[in-house]
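Student: The primary structure of each chain is shown beneath.
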Amino acid sequence: MFENISERLQGAIHKIKGYGKITEDNISEIMREVRLALLESDVNYKVVKEFTNNVKEKALGLEVASSLKPAEMFVKILKDELTELLGKEKVSLVNKNFNVVMLVGLQGSGKTTHVGKLGNWVRKKYKKNPLFVACDIYRPAAIDQLKQLGRKLNIPVYSEDIKDAVKIAENGIKYARENGYDYVFIDTAGRLHIDDELMNELKRMNDALTFDEILLVIDSMIGQDAINVIEGFNNELPLTGTILTKLDGDSKGGVALSVRHLTHIPIKFVGTSEKLDGIMEFDSDRMVGRILGEGDIQSLIEHAEEVLDKDIAMNTAKRLNSGKFDLEDFLLQLNQIKKLGPLENMLKLIPGAAKMGLNNVNIDPKDIAHIEAIIQSMTPKERKNPDIIKASRKQRIAKGSGTSVQDVNRLLNQFEMMKKMMKQFKNGNMKMPF
Amino acid sequence: MGIFDKIKNVFKKEEVIEKEEVKLYDKGLEKTRVEFTSKLGKLSKKYREVTEEYFEELEEILIMADIGVNTVMDFMDRLKKRVSKEHITDTEMLKEVIVDELFIIYVEGESLTTKINYNDNGPTVVLFVGVNGVGKTTSIAKLAYKLKCENKKVMLVAGDTFRAGAIEQLDEWGKRIECPVIKSESKDPSSVIYDALKIAKEDSYDVVLIDTAGRLQNKVNLMKELEKINKVIGNQIEGAPHETLLVIDATTGQNGISQAKSFKEITNITGIVLTKLDGTAKGGIVLAIKENVNIPVKLVGLGERKEDLIPFDIENYIYGLFKDMI
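Chains as they are written, first to last, in the numbering used here: chain A, 364 to 797; chain B, 237 to 562.
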């Protein structure tokens with residue numbers, strides 16, 4: 364997501380490597396690059412100004428005192444300043460005996476979707492029993508949307524056919540208390556921060572009810588207007604945090620750098636896919652690493668651990684070791700991989716991905732679907748023993764899976780190669796690539 | 237040459253804009269304009285003479301309007317050149333030059349139209365595309381209402397089969413503006429669209445407006461799906477879609493350029509619908525998009541009511557932004 368900042372900064376850092384020391388002359392040129400990179404990433408203009416001034420000052424001031432090479436020094440300063448910008452301490456979502464959280468934001472920022480994701484999240488992480496309350500009484504079918512998400516997640520939705528959001532929220536919270544729910548999420552209508560009437564509605568809600576958290580949902584593609592939006596909501600409501608959505612797009616999400624610095628409200632979550640588990644806690648250290656191109660192996664592992672079924676993984680590992688790995692296992696593996704969400708996202712998190720050219724790899728989930736279809740068109744016997752698959756069987760499989768014999772051949776070849784590679788890993792002839 | 241002569245030369249206007257529309261524009265852009273122009277007005281009061289500080293502050297104003305970074309940098313270079321070539325020292329005079337140069341970025345000597353490209357032999361198909369949450373469905377409803385007021389027989393197609401509640405949302409709009417909505421249980425948007433276009437031909441509809449699911453432009457599978465949708469439409473009605481409108485949220489920052497580029501690679505984007513311009517966002521990214529990707533803005537969303545969609549007019553847009561200044 365931050366390719367551009369990281370690439371440009373890396374370019375700037377590379378330039379510094381050529382210099383013996385940081386001087387007023389050479390740093391200006393580098394700071395220009397840094398400045399443009401940040402502006403292109405939608406970081407707030409004032410934040411950029413302050414940031415580049417700070418970095419420049421520190422880089423020049425430390426010149427004599429430090430024994431580090433200029434480039435290393437520059438990276439360290441950038442890292443410190445970026446961490447400073449993003450806020451060092453992690454602030455988790457509230458977790459009490461009974462919690463009420465309201466989501467607010469502009470139209471189309473992703474409030475309803477993230478109510479769904481958060482409900483799923485607190486149930487998994489906090490072992491809570493969530494309830495959704497539908498207070499978007501304006502947008503056509505907004506309540507329907509929440510209900511559909513609720514059905515998918517098996518989380519009930521409290522709604523009323525009245526035009527009073529305050530009343531609905533109040534009743535919803537009451538309903539939760541009386542029926543054994545301990546985590547209430549209030550979905551609200553999207554509104555402009557300058558819409559007095561609708562902002563008043565939120566204020567009335569805040570006056571009448573007690574919220575443990577009020578989260579501002581922000582689209583990560585937002586530009587310089589972010590500051591008006593954030594301040595607009597923050598001036599009217601006691602915001603406790605923000606959620607940055609759509610970070611799986613190719614926006615550079617510079618708003619992440621501005622939010623915290625300009626308002627002192629922590630970023631609590633980031634939205635990373637359209638799926639209902641596409642949400643992660645925000646971590647500034649990792650984000651800084653990502654900006655500077657150091658990758659994010661930790662969040663990769665965490666995400667994998669969260670999603671993957673450990674039993675299946677253990678079983679597969681055992682079978683791999685015993686050399687019994689067959690197409691049936693392969694199919695199970697594919698299903699596991701699919702749960703991780705778009706593979707591009709995973710690739711990007713690997714350190715050095717940009718250098719290996721992996722940041723721009725496009726993987727079509729349909730390719731995986733095709734492989735699946737081919738294996739599913741095989742008989743159990745064929746899956747256990749792919750060697751018996753000859754011409755006529757191949758034709759049948761191709762027909763059954765809507766692919767061609769070439770596709771079937773390719774899959775069988777790839778599978779054979781994979782098995783060979785795995786044997787080599789096992790025998791210790793080859794080092795694991797990571 | 238004065239700025240208004242220039243405008244008149246560039247815009248061979250086919251019709252006079254109704255006063256009502258101008259008023260709506262003014263109202264919608266009021267917040268935008270107040271901030272933007274008061275800043276520029278203040279700037280020329282603060283600096284009587286053109287200095288380096290003046291340029292720096294001007295750059296800030298333009299960047300804050302989300303006009304693309306590179307567009308602004310090039311613009312500043314050109315402006316500085318003109319200033320030194322024409323020996324401009326008075327900031328009052330420079331204001332006119334600034335507006336002038338902004339026009340040039342957008343127009344580039346072309347004559348642009350915001351009219352919908354109608355199909356003379358059968359239904360006109362308009363496809364709406366864009367990333368998530370920009371306002372596709374709402375814009376469709378507004379355009380449908382506008383066309384209905386022009387006595388067109390309009391059909392809406394619920395092609396967003398992915399997002400929860402999307403079909404119901406369009407359906408609800410259909411009821412409000414009394415417009416038929418074609419939908420299906422199928423999860424495949426192409427199949428709904430196929431059926432809808434068949435009906436449109438049989439029942440001789442004038443215009444078919446097709447909704448699609450929001451998709452981030454870097455999602456390969458979703459972009460391929462869009463490619464397929466496009467093909468299906470073209471196979472059903474020759475030359476269709478006659479318009480493919482990319483919906484862009486006015487709050488969008490630099491990513492707008494990437495959106496325009498990626499969607500244009502897949503579909504023949506004929507114009508932009510710039511939504512949510514009634515907030516404080518300036519939507520300046522459309523200038524960069526026009527300059528870099530050459531897609532003009534056709535429609536502008538200025539509110540949540542069904543009437544709040546009007547044809548884009550660069551003259552009104554920039555005039556609105558700079559009203560106090562000129």
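Please note that the accuracy of each hint is not assured.
[Claimed, not checked] Straight-line distance between alpha carbons at most 20 Å, and here's what the computed DMTMM-like set of lysine to aspartate or glutamate pairs gives:
#	chain 1	residue 1	chain 2	residue 2
1	A	K510	B	E408
2	B	K389	B	E461
3	A	K638	B	E461
4	B	K316	B	D356
5	A	K412	B	E438
6	A	K378	A	E447
7	A	K515	B	E421
8	A	K566	A	D507
9	A	K526	A	D545
10	B	K497	A	E560
11	A	K638	B	D424
12	B	K542	A	E745
The hints are simulated quantities; they were obtained by calculation from the structure and are not laboratory data. Source: prediction; values computed, not measured.
Student: Taking the hints in turn, state whether each one holds.
Tutor: Here is how each hint holds up against the structure:
1. Taking the CA atoms of K510 (chain A) and E408 (chain B), the gap is near 16 Å; set against the 20 Å cutoff, the hint holds.
2. For the proposed pair K389 (chain B) and E461 (chain B), the alpha carbon gap of about 28 Å is over 20 Å, so the pair is violated.
3. Distance hint between K638 (chain A) and E461 (chain B) is fulfilled; the C-alpha atoms sit about 18 Å from each other, no more than 20 Å.
4. About 49 Å separates the Cα atoms of K316 (chain B) and D356 (chain B), which puts this hinted pair outside 20 Å; it is violated.
5. At most 20 Å may separate the alpha-carbon atoms for a hinted pair to count; K412 (chain A) and E438 (chain B) exceed this at roughly 61 Å.
6. Using a Cα cut-off of 20 Å, the hinted pair K378 (chain A) and E447 (chain A) is violated, with the two alpha carbons roughly 24 Å apart.
7. With a C-alpha separation of about 17 Å, the suggested pairing of K515 (chain A) with E421 (chain B) holds against the 20 Å cut-off.
8. Straight-line distance between C-alpha atoms of K566 (chain A) and D507 (chain A) comes to about 25 Å, which puts the hinted pair past the 20 Å bound.
9. Distance check on the hinted pair: K526 (chain A) and D545 (chain A) sit about 26 Å apart at the alpha-carbon level, beyond 20 Å; violated.
10. Taken as a hint, the K497 (chain B) and E560 (chain A) pair is broken in the structure, with Cα atoms around 38 Å apart against an allowance of 20 Å.
11. Of the supplied pair hints, the one linking K638 (chain A) and D424 (chain B) holds, its CA atoms being roughly 18 Å apart against a limit of 20 Å.
12. Of the supplied pair hints, the one linking K542 (chain B) and E745 (chain A) is violated, its CA atoms being roughly 60 Å apart against a limit of 20 Å.
Comparing the model with each numbered hint stated earlier shows that hints 2, 4, 5, 6, 8, 9, 10, 12 do not hold.
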